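So the protein lines, in turn, are chains A and B. Numbering-wise, the first sequence is residues 0 to 340 according to numbering that gives the first Met the number 0. Numbering-wise, the second sequence is residues 0 to 340 according to numbering that gives the first Met the number 0.
In short, the hints are calculated from the structure, not lab data. Keep in mind that this is a model prediction, so the values were computed, not measured. Possibly wrong hints are sitting among the right ones.
If you want the ones that stay clear, here's a sample from chain B, every Cβ over 10 Å from chain A, calculated [to be verified]:
id: 1; residue: ASP46
id: 2; residue: PRO50
id: 3; residue: TRP81
id: 4; residue: ARG173
id: 5; residue: TYR232
id: 6; residue: GLY261
id: 7; residue: LEU271
id: 8; residue: MET281
id: 9; residue: ARG285
id: 10; residue: ALA311
Derived list of chain A stretches under chain B, where covered just means 3 residues or more per stretch with a C-beta under 8 Å from a C-beta of chain B [to be verified]:
id: 11; stretch: 162-170
id: 12; stretch: 276-285
Below, a list of computed lysine-lysine pairs in the DSBU-like style, where the Cα atoms sit at most 35 Å apart [stated by the list, open to error]:
id: 13; chain 1: A; residue 1: LYS169; chain 2: A; residue 2: LYS289
id: 14; chain 1: A; residue 1: LYS3; chain 2: A; residue 2: LYS284
id: 15; chain 1: A; residue 1: LYS284; chain 2: B; residue 2: LYS4
id: 16; chain 1: B; residue 1: LYS214; chain 2: A; residue 2: LYS284
In this text, a Cβ means the ideal position worked out from N, Cα and C, and glycines have one as well.
Protein chains: 2
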Amino acid sequence: MSEKKYLILAEGFSDDVHYGKTLRGVMRYRRESVVAILDTQRAGESDDGVPIVATVDEGMQHGPSAALVGVVTQGGRFPGDWQELLKSCVTHGLDLENGLHVRLHDIPGLPELAREHGVELRDLREPPRDLSTATGANLEVDGTIVLTVGSDCAIGKMTATCELDLEARKRGLRSVFVPTGQTGIAIAGWGIAVDAVVSDFLAGAAERLVVEGAKRGDLLWVEGQGAILHPVYSGVTVGLIHGSAPHLYVLCHEVGRTITEGDPTESPLPSLPELIQLHERMSLKRRPAKVVAISLNTSTVSEDEARAAVAAAEDETGLPADDPVRFGAGKLLEAVLNAQS
Amino acid sequence: MSEKKYLILAEGFSDDVHYGKTLRGVMRYRRESVVAILDTQRAGESDDGVPIVATVDEGMQHGPSAALVGVVTQGGRFPGDWQELLKSCVTHGLDLENGLHVRLHDIPGLPELAREHGVELRDLREPPRDLSTATGANLEVDGTIVLTVGSDCAIGKMTATCELDLEARKRGLRSVFVPTGQTGIAIAGWGIAVDAVVSDFLAGAAERLVVEGAKRGDLLWVEGQGAILHPVYSGVTVGLIHGSAPHLYVLCHEVGRTITEGDPTESPLPSLPELIQLHERMSLKRRPAKVVAISLNTSTVSEDEARAAVAAAEDETGLPADDPVRFGAGKLLEAVLNAQS
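Using the sequences and the hints given, assemble the complete structure.
Structure, rendered in structure tokens:
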């Protein structure tokens with residue numbers, strides 16, 4: 000898709016699954032776009048065949064066209080040495096991409112320097128300025144739209160979406176990951192962080208994403224957000240459901256989770272059958288959508304327990320279930336492809 | 000509630016139900032706060048006992064503390080003569096309140112003039128700057144929270160909410176109208192336009208409204224927005240449902256409407272029984288809420304047809320139904336009070 004070649008800035012965290020999650024995501028789902036990783040602490044090593052370098056100068060030898068901020072900053076700002084690093088990228092002629100809340104445009108002197116060197120600063124989390132309300136163009140999209148939804152926030156919807164897209168691409172399908180949140184956007188290099196959009200334009204933003212996605216392929220995997228009964232984030236969830244107008248849902252759940260996360264009232268989670276019915280009934284009248292598979296996150300249990308949980312979810316729902324990270328995304332993908340035809 | 004005394008600016012439209020809808024709303028639901036109306040075209044007349052004046056000078060004789068923009072501007076900006084009028088209010092020492100999209104703060108010279116004269120400019124539609132995500136404080140509110148929901152946008156949810164509040168106040172209850180949209184805010188002089196809030200803070204804004212409302216009374220009528228299956232605005236609807244955490248719903252519908260408004264895809268409306276079930280199932284796990292009455296807007300049909308429609312809605316749903324504008328809000332209010340006890 001993107002022709003860009005990235006130097007990924009991952010100073011100090013290139014092997015950290017949390018702080019380095021953007022890097023790890025790009026390395027797993029968009030490996031072909033990465034030419035070098037910058038991390039002085041691992042300089043000289045390589046990571047899945049990608050050289051790790053200590054300086055931007057060294058990184059330039061591998062031919063990057065852009066630098067991507069690949070770590071989560073601590074404290075929500077770029078510290079001084081990061082600011083120097085970003086400026087060094089700009090003076091080397093690299094575009095900069097950043098998916099964090101903290102903005103490149105707020106670093107003193109950086110926008111001026113970028114203009115001077117003719118490079119682009121992209122704060123991926125900033126919503127487009129020209130958003131508007133939904134128009135119905137979502138129903139005209141030529142392709143199949145699959146939305147991941149979940150029993151809760153932070154249960155692996157983005158990962159499930161990326162795994163399904165990756166597996167579909169491996170099989171030669173014209174598959175597209177459609178990112179709706181900060182990390183997904185940083186991984187894919189496009190998208191809209193729908194939770195940052197003014198409420199009136201929520202469905203309009205989701206609609207734009209599927210219209211845009213359809214220019215890139217015809218099997219669209221839309222990253223879900225929040226949960227339909229989450230006391231804090233449900234508005235985003237439902238705006239995304241109606242704006243992205245999915246044909247099919249994949250319902251995501253984490254084995255063992257019974258209480259909402261990021262919710263001070265600690266609500267009990269609905270059962271999988273209740274969630275299936277609720278999502279189907281909440282789908283658009285002009286686009287009734289079915290849940291066709293259950294994606295389980297079994298990362299907290301043993302492999303035996305994981306297999307038992309998959310079987311239990313299939314019994315409870317009558318739908319194919321699997322953990323796409325642990326056991327591969329093939330089974331879930333086939334459930335979607337079968338429902339599509 | 001408010002101690003403010005208003006001069007309402009309604010130049011040209013003081014008897015227009017559309018362009019003068021803020022004025023008409025304030026006159027009906029907050030009559031006690033109005034001391035004069037400015038409209039040169041009707042100067043010398045009176046409106047429900049309120050004198051109509053031609054100039055701010057004349058208006059000042061009736062002792063206002065603030066001026067309220069009581070009309071909808073055409074073209075989304077204040078034309079030159081309006082700008083002069085607003086400046087004249089400021090130089091007379093009046094605070095200004097405005098519920099329109101167009102901002103007082105954007106009128107050249109007005110903010111400086113306001114500072115000079117020590118008066119306040121309040122753009123009621125601007126969301127507070129310190130909003131955050133919902134905290135669970137909505138579940139701690141001491142009082143009964145009633146949310147109006149609807150089969151569609153623009154079917155009279157605000158009017159039904161105001162009529163219920165007015166009837167409750169007439170009966171001596173500590174009743175509060177909780178405004179969530181531009182016109183309601185202009186009428187009540189407080190509130191948050193929830194559709195203007197960043198999506199992440201939607202439930203947080205609704206929560207703040209009920210927490211604030213509970214300082215003003217213990218029977219809170221929250222103005223609903225959009226509709227739960229509206230393809231464009233459902234995100235706002237659901238965020239408002241979960242953030243305001245109602246104990247009870249009043250379901251609003253317009254007789255004869257079968258297709259969504261403000262939706263280019265013209266979705267069919269769900270039936271009343273389907274809407275009742277969907278709203279009850281979409282309520283918070285920690286605050287299950289019931290629909291207790293049906294508020295019908297019968298303004299497009301004859302009185303006989305209206306009575307027949309009320310009876311039909313009662314048959315279809317098994318709940319009390321009525322048109323609070325045409326037949327009074329007593330029956331709906333009693334349904335709510337019965338459900339509350």
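To see whether the hints hold, each was checked on the structure:
1. ASP46: 34 Å, holds
2. PRO50: Since the minimum Cβ distance to chain A is about 38 Å, PRO50/B lies beyond 10 Å and the statement holds.
3. TRP81: TRP81/B clear of chain A: closest Cβ-Cβ about 25 Å, beyond 10 Å.
4. ARG173: Correct as stated: the minimum Cβ-Cβ distance to chain A is 26 Å, above 10 Å.
5. TYR232: Per Cβ check, TYR232/B is inside 10 Å of chain A; nearest 7 Å; violated.
6. GLY261: 8 Å, violated
7. LEU271: 15 Å, holds
8. MET281: MET281/B is in fact no farther than 10 Å from some Cβ atom of chain A, at 7 Å.
9. ARG285: Check fails; 5 Å does not lie beyond 10 Å.
10. ALA311: Holds, because the least Cβ-Cβ distance between ALA311/B and chain A comes to about 22 Å, which exceeds 10 Å.
11. 162-170: violated (count 0)
12. 276-285: It holds: at least three residues are needed, and the stretch 276-285 of chain A offers 6 whose Cβ sits within less than 8 Å of chain B.
13. LYS169/A x LYS289/A: Roughly 25 Å between the alpha carbons, so the hint for LYS169/A and LYS289/A holds.
14. LYS3/A x LYS284/A: Violated - the C-alpha atoms of LYS284/A and LYS3/A are around 40 Å apart, more than 35 Å.
15. LYS284/A x LYS4/B: Violated: LYS284/A and LYS4/B sit about 47 Å apart, past 35 Å.
16. LYS214/B x LYS284/A: 40 Å, violated
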